[in-house]
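Respectively, the protein sequence lines represent chains A and B.
Everything in the first sequence is counted per my numbering, starting at 1 for the first residue and increasing by one.
Everything in the second sequence is counted per my numbering, starting at 490 for the first residue and increasing by one.
Because the hints were derived from the structure by calculation, they are not lab data.
Treat the hints with care, as some may be off.
Here are the computed lysine-lysine pairs in the DSSO-like style, where the Cα-Cα straight-line distance is at most 30 Å [to be verified]:
{"no.": "1", "chain 1": "A", "residue 1": "K384", "chain 2": "B", "residue 2": "K693"}
{"no.": "2", "chain 1": "B", "residue 1": "K656", "chain 2": "A", "residue 2": "K384"}
{"no.": "3", "chain 1": "B", "residue 1": "K593", "chain 2": "A", "residue 2": "K257"}
{"no.": "4", "chain 1": "B", "residue 1": "K693", "chain 2": "A", "residue 2": "K268"}
{"no.": "5", "chain 1": "A", "residue 1": "K268", "chain 2": "A", "residue 2": "K257"}
{"no.": "6", "chain 1": "A", "residue 1": "K268", "chain 2": "A", "residue 2": "K384"}
Covered, in the sense of this in silico footprint (three residues per stretch, anywhere, with C-beta under 8 Å from a C-beta of chain A), are these stretches of chain B [claimed, not checked]:
{"no.": "7", "region": "524-532"}
{"no.": "8", "region": "648-662"}
Glycine included, each C-beta is placed from N, C-alpha and C at the ideal position.
Read off the chains here:
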Amino acid sequence: MPAEPAALSRAARLWTRFIRTTAVKLSLVYLVVFAGLAVFLIGYIAYNTNALLSSQLDETIDAEIRGLAEQYEAGGLRRLTRAVDGRANVPGASLYLLTDVSGNRIAGNVGDVPANVLRAASGTPVPVPYQRFAIGEDDRPSEVTRRALVRVYVLPGGFRLLVGRDLAEQERFRTVVLEAVRVSVVVVIVLALATWVFVNHRVLKRIDGIAEASRRIMGGNLSERIPVAGSGDEFDRLAESLNAMLARIDDLMRGLKEVSDDIAHDLKTPLNRLRTRLETALRSGATADDLRGEIGATIEDCDALIRTFDALLLIARAEANATATAFSPVDLADLVADMGELYEAVAEDEGVGLTVAVERPAPVSGNRELLGRVVANLLDNALKYGRPETGAAQICLTLARRGPEAELTVADNGAGIPESDRARVMRRFVRLDSSRSAPGSGLGLSLVQAVVAMHGGRIELADAGPGLAVRLYLPLATPGPMAQSFETR
Amino acid sequence: MGAMRILLIEDDREAASYLTRGLREAGHVADHAVDGEEGLHLAREGGYDVLIVDRMLPRRDGLSVIEALRSAGDTTPVLILSALGQVDDRVTGLRAGGDDYLAKPYAFTELLARIEALARRHRPGDVETVYRVGDLELDRLAHTVMRAGRSIPLQPREFRLLEYLMKHVGQVVTRTMLLENVWDYHFDPQTNVIDVHISRLRSKIDKGFDRPLLHTVRGAGYTMRDDAR
């Protein structure tokens, strides 16, 4: 029958899986550790208690022998015999046996002891089996063999005195200890099971929940998130960081999709215009000069397309952080001064006042080319869109150190950007209606934002009252090794 | 600018044929190799003033061609052409031994201006300390500019701008070349920032003199030239 081995191997697989779960492993570790600890503790206490009991027994026996020996010295055998009989008949008495030289019983409550015990006459007590010689309730000597700790003392005249204590008490204690071990092992096993149940249901179920959610997300639902229980424990923290990661992936994916949509829309439009222009020129059979003009215009369109394309690629690369490897020490102060100098002439030419204020030095780790482009972009924007309706246009380019950051501001006194549009203008190809007639691709601020993010900085659009202030915050490089390797350009 | 012998190593045959035609029309001698091995072989035979090397080539990568030439002690100036236009790619290209880098797609005028500048850079006359164009004189050591015996004070940047233009006298110098060589930034400014600097410089060196020396070349850039000769 093939079904049976199949079922068997399935059961074996399930068992292996069960054994391999963290809950089982944790519970097993718990079981072993705590059982070991309980056994050790109980054993340790039992050993010490036993030793204490034994030494107490020893002392009792010693005291009895000393007392009886004194009786003998004081009053000879008769007095000793009387004393022994007197002590032996008290309930719960110690064990006594007085014998003559040949080992015949003279007095005492012990019936029978192995012969060699009396002969040994050692100083130290030894455990021996014995039979109690006593009149029980049924008036018959008890025949039960019990164990006792005894000591034999040889009296002058060859008499031997055996004094001992029954070991029943200690044996009862041992039983109690063994019972305690048994109970604690059972308790530990029960607790291990409880641990398993707890770990399995509370902890591992949550991990399984995370795994389950991940599988669903991998299945294509990128907007799904891993459940957060709200208890603030490490699983919540894990879930939160995973969710942050998912949000980032989601953003990147959406960015990618946006780029392809943007390319489809915003590059196809000029391509279409270009094609129409060429087609018209071809059909119309115009003069050579006309054609030359058309071709020149077409090349200009091509150049604009190429610039847009380059900017898109650069944004994509900056966003993917692919150029981070080309970072080197850059002094933002030099860079801002360079750009200020580069644009100062064109600003003056267009009747725009450009003031540059730079706090030195402002070392950052970054890509000089891209940062230069960023500043140039912002100045381009300010020149293009930052003109006031009336009065003289004014652009302020400032660089200041703000704690661990460099603050780079390009402010104009133009119309500014309404608060509601500020987030929107950072997106690719977004151009506000007011600027639609001016040339430009709508990629400038997206590029700035991508490059700034790549440098670990942030961008802020604020009201310059009147006008727009674009503020970039870039982390300053730590001084020290940086300052030494600093290149002056 | 006299005729140059130019080797173009480019696997796109159609683009290469336009390019060689353009170079020949500009009065140069242009050879074409379609892959890295053939290009390296031709370049090793020597006699070229400038090499134009595409970065991605069949059989042997463009950068490896340049590295092979450089390690053999060949210092022929090389212009790298590449579809990879990003900052890092430029740095890698120059590090491999290229002298200039041009991202595709490019304007033919830009390419022509750059290879002419490269060939000029390679000539021994580069060490002269005084540049002269007509009656304009620039002393590179003393940092002084004179025209017709009159001293012209210039800002440091204007001086560097003029120095670069005069070094490439008779050649077309594009806006991006100026931004790269005078400001040391490698991007295409959207506004006419360079033009304004040029017109300021022009007002200082040409205004009030009998003939202009700094000319605008439509659709390409600028050139220093003394038309009187």
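How the hints compare with the structure:
1. Among the hinted pairs, K384(A) with K693(B) is consistent with the structure: their alpha-carbon atoms are about 28 Å apart, no more than 30 Å.
2. Between K656(B) and K384(A) the CA atoms are separated by roughly 34 Å; this puts the pair beyond 30 Å, and the hint is violated.
3. With a C-alpha separation of about 26 Å, the suggested pairing of K593(B) with K257(A) holds against the 30 Å cut-off.
4. For a cut-off of 30 Å, the pair hint linking K693(B) to K268(A) is broken: about 46 Å separates their Cα positions.
5. Proposed proximity of K268(A) and K257(A) is supported: the alpha carbons are some 16 Å apart, at most 30 Å.
6. A C-alpha spacing of about 25 Å is found between K268(A) and K384(A), which places the hinted pair at or below 30 Å, so the restraint holds.
7. Three residues within the 8 Å Cβ limit are the bar, and the region 524-532 of chain B against chain A gives 0, so the coverage statement is violated.
8. Counting residues of the region 648-662 of chain B whose CB lies closer than 8 Å to any CB of chain A gives 0, so the stated coverage by that chain is violated, three being the minimum.
Figure legend: structure checked against the earlier numbered hints; hints not met, in rising order: 2, 4, 7, 8.
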